[in-house]
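Colleague: Same order as they appear, the protein sequences are chains A and B.
Sequential numbering from 1 applies to the first sequence in the working numbering.
Sequential numbering from 124 applies to the second sequence in the working numbering.
If you're looking for bench data, these hints aren't it; they were derived computationally from the structure.
Careful, some of the hints might be misleading.
[What the hints assert, rightly or not] Not the full set, but computed from the structure, chain A residues with beta-carbon under 7 angstroms of chain B:
| no. | residue |
| --- | --- |
| 1 | Asp-13 |
| 2 | Leu-14 |
| 3 | Glu-20 |
| 4 | Val-109 |
Small disclaimer: the values here were computed from a predicted structure and weren't measured.
Where a beta carbon is used, it is the ideal one built from N, C-alpha and C, also for glycine.
As a plain string of letters, each chain reads:
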Amino acid sequence: MNELALIIEDDEDLGDIFAEALRGVGFEVEHIEDGEVAQERLKHGAVPYLILLDMHVPHISGAELLTNIIKKDERFAKTIVILTTADARMGEAYTEQADFVMIKPISFVQLRDLSNRLKPQAK
Amino acid sequence: MSTTLIDRINPPKDTSIESHRHSLVRILSLGLLALSLLGMAATLIIFFLYPEGKEQGTMLAFVSAVVATITSIVIYHVNKRSSTAASLLLLFLLVGVSIFSDTPEQLANGRSLFIFTLPIIMSSILLMPSASFIFAALSTIIVVVLASTARIPPNLIAITSFFMLALVSWLSARSLERALKELRAINANLDQVVTERTQALAESLERERIEAGRNQAILNSIADGVVVFDTKWNAILANPALKSMLDLPIELIVNKNFRDLIEHPRLSPRSRGLLYAMMEHDTQPPSFRIEWGKKTISISAAQVYDNSKEGNQNIGTVTVFRDFTREAEVEKLKSTFVAIVSHELRTPLNAILGYAEMFKESVYGPVNEKQVNMADRIMKNTQRLLGLINDLLDQAQMEAGKLTIKMAPVKPAELLENLHSVMDQIVHEKGLKLTSEIDDNLPEALNGDGARLHQILVNLVNNAVKFTDHGTVHVRLFCPFGNRWGFEVSDTGRGIPEPEIPNIFETFRQVEGAATRVHGGFGLGLSIVKQLVNLMSGEIKVKSKVDRGSTFTVILPLIVPEETLEIGRNS
Numbered sequence: 001m002n003e004l005a006l007i008i009e010d011d012e013d014l015g016d017i018f019a020e021a022l023r024g025v026g027f028e029v030e031h032i033e034d035g036e037v038a039q040e041r042l043k044h045g046a047v048p049y050l051i052l053l054d055m056h057v058p059h060i061s062g063a064e065l066l067t068n069i070i071k072k073d074e075r076f077a078k079t080i081v082i083l084t085t086a087d088a089r090m091g092e093a094y095t096e097q098a099d100f101v102m103i104k105p106i107s108f109v110q111l112r113d114l115s116n117r118l119k120p121q122a123k
Numbered sequence: 124m125s126t127t128l129i130d131r132i133n134p135p136k137d138t139s140i141e142s143h144r145h146s147l148v149r150i151l152s153l154g155l156l157a158l159s160l161l162g163m164a165a166t167l168i169i170f171f172l173y174p175e176g177k178e179q180g181t182m183l184a185f186v187s188a189v190v191a192t193i194t195s196i197v198i199y200h201v202n203k204r205s206s207t208a209a210s211l212l213l214l215f216l217l218v219g220v221s222i223f224s225d226t227p228e229q230l231a232n233g234r235s236l237f238i239f240t241l242p243i244i245m246s247s248i249l250l251m252p253s254a255s256f257i258f259a260a261l262s263t264i265i266v267v268v269l270a271s272t273a274r275i276p277p278n279l280i281a282i283t284s285f286f287m288l289a290l291v292s293w294l295s296a297r298s299l300e301r302a303l304k305e306l307r308a309i310n311a312n313l314d315q316v317v318t319e320r321t322q323a324l325a326e327s328l329e330r331e332r333i334e335a336g337r338n339q340a341i342l343n344s345i346a347d348g349v350v351v352f353d354t355k356w357n358a359i360l361a362n363p364a365l366k367s368m369l370d371l372p373i374e375l376i377v378n379k380n381f382r383d384l385i386e387h388p389r390l391s392p393r394s395r396g397l398l399y400a401m402m403e404h405d406t407q408p409p410s411f412r413i414e415w416g417k418k419t420i421s422i423s424a425a426q427v428y429d430n431s432k433e434g435n436q437n438i439g440t441v442t443v444f445r446d447f448t449r450e451a452e453v454e455k456l457k458s459t460f461v462a463i464v465s466h467e468l469r470t471p472l473n474a475i476l477g478y479a480e481m482f483k484e485s486v487y488g489p490v491n492e493k494q495v496n497m498a499d500r501i502m503k504n505t506q507r508l509l510g511l512i513n514d515l516l517d518q519a520q521m522e523a524g525k526l527t528i529k530m531a532p533v534k535p536a537e538l539l540e541n542l543h544s545v546m547d548q549i550v551h552e553k554g555l556k557l558t559s560e561i562d563d564n565l566p567e568a569l570n571g572d573g574a575r576l577h578q579i580l581v582n583l584v585n586n587a588v589k590f591t592d593h594g595t596v597h598v599r600l601f602c603p604f605g606n607r608w609g610f611e612v613s614d615t616g617r618g619i620p621e622p623e624i625p626n627i628f629e630t631f632r633q634v635e636g637a638a639t640r641v642h643g644g645f646g647l648g649l650s651i652v653k654q655l656v657n658l659m660s661g662e663i664k665v666k667s668k669v670d671r672g673s674t675f676t677v678i679l680p681l682i683v684p685e686e687t688l689e690i691g692r693n694s
């Protein structure tokens, strides 16, 4: 059974690329494009092993999801959070809360290599 | 009214002794007339009360009174034409009256001898100072004649005293005349001074009135709100623009203390704090923005100094209010636009980049060498486009004053490491070498904006690579002196022609038009570097020789983070 990676990213193509990178190293991938949907999913669905979270998603921003849900819910204590943003300044502000902050443009190879290192087998 | 003023200012020019004598003769003639009329009345009363006695004497007195009346009227009229003639007439009348005023014995050497002193004294005043001698001589002749008529010897002592009196009269009349002359001269001078001063005062009042009118017109016509405060921040003057900008009656602004305005509920708490800070600053306060209700107002203040007084005394503050609401809205729109553009442009480019990478990495099946090469080109061009967008956004942010420097501890070694990770491949692909070194005297960590320092280094190295065809790009981090640190990026490229050096940091500038086509880019790289260095309170210098290479040197203030200092002390 592969570990679950949750991608919260509003751009369909980027979500597709990220999914391909994560799938390539053996994750099972779930892609959500909307902040509100992501909030419901996080509250009620299975706890993912890894979350790739875009800071700018519609309705509820990634930053809010991180601060108000992921960081407050004990269930996500072991979940690895990779925050993605185009704004380097904004990213810097969240280095404490997220495990990794990736500044867009995000390279397919870079993400693939990083997630490969983060896989449970790599431990 | 103005006529009287002018008359006062310009007294009649005829200020001679003549007019003085003229009025004197007039007074005397009138006095004489009054006395004569009184005499006539008295003799008439006596004539009617005692008709039986002293008929001859009374008649004589009456006739003399009538003669004196007529003569005084004649003198008065003559005086209107010539005061000298009138004076002569008066004096001769006096002499004549004197001759018949008593018996010859009494006149020549008796109780009435003194009567001849009167014309002597009066002549010196009425005619001229020396005329007293003429009348002294005349009196002497009369006295001698009268004495011979009365067959008595003339009184020589009296005659001598006539001349003595003439002498005294001459002297006193002369000095009186001189004193009068001097007085008149002083008066005239004083009049002149008063005239000049009055005119100067009138002129300066006029000037001030014009000036005040002009200043008022300027104040009224400018669109910015202006308010003038005294040293205690009481508003002494405000223009109509301020009234309409703040939408307050002028009575709530002028003659009120600034604190009353600051406490107005329409002002946001933050703005209140800024305005209080402005009041407390003794030095030139900078311009800043406040929120007044829904309006954004930019405020700048300048202290007013009185240069005429010693020590350049501060006499108040002029504060200019400018309605910045529209500009603030536009700025907000611009920064929103920049944020949207930065996100919306980068996202599709990221997708292009990602798909090209996937293609190159053979994610969906094997690709041949040519296809890998093509994917590489797509990636490189996308990277370039991303770089250009980043440059444009940085430039836009700098123009909007939005780009700020965030200081945090930075490790110089990490700066070089990051630089190599980004630039090594680019340098290698062009067949160049990127070398770097850190001087020993540079601290392990220092305060700086890591991301912006990285940007500066990348831009400088990129620029060096762009203009170097073979050789090395070398980066050195060092401590030049005291509280400064810096880095230099040198290349072995074609160099910059001397006349072009001052222009290379200008926005959208590349050396020669042709270079732009060969090397691409907007020419924003160096301009951004320069602006970033300025924001960091540093400076950038260039040394270059054509065909020998260029060296860009950046010098920045060195602030060692406290943590590093503590570690240093402990170890």
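Colleague: For each hint, tell me whether it holds in the structure or not.
Modeller: We went through each hint and held it up to the structure:
{"no.": "1", "hint": "Asp-13", "in the structure": "holds (4 angstroms)"}
{"no.": "2", "hint": "Leu-14", "in the structure": "holds (5 angstroms)"}
{"no.": "3", "hint": "Glu-20", "in the structure": "holds (6 angstroms)"}
{"no.": "4", "hint": "Val-109", "in the structure": "holds (6 angstroms)"}
Comparing the model with each numbered hint stated earlier shows that all of them hold.
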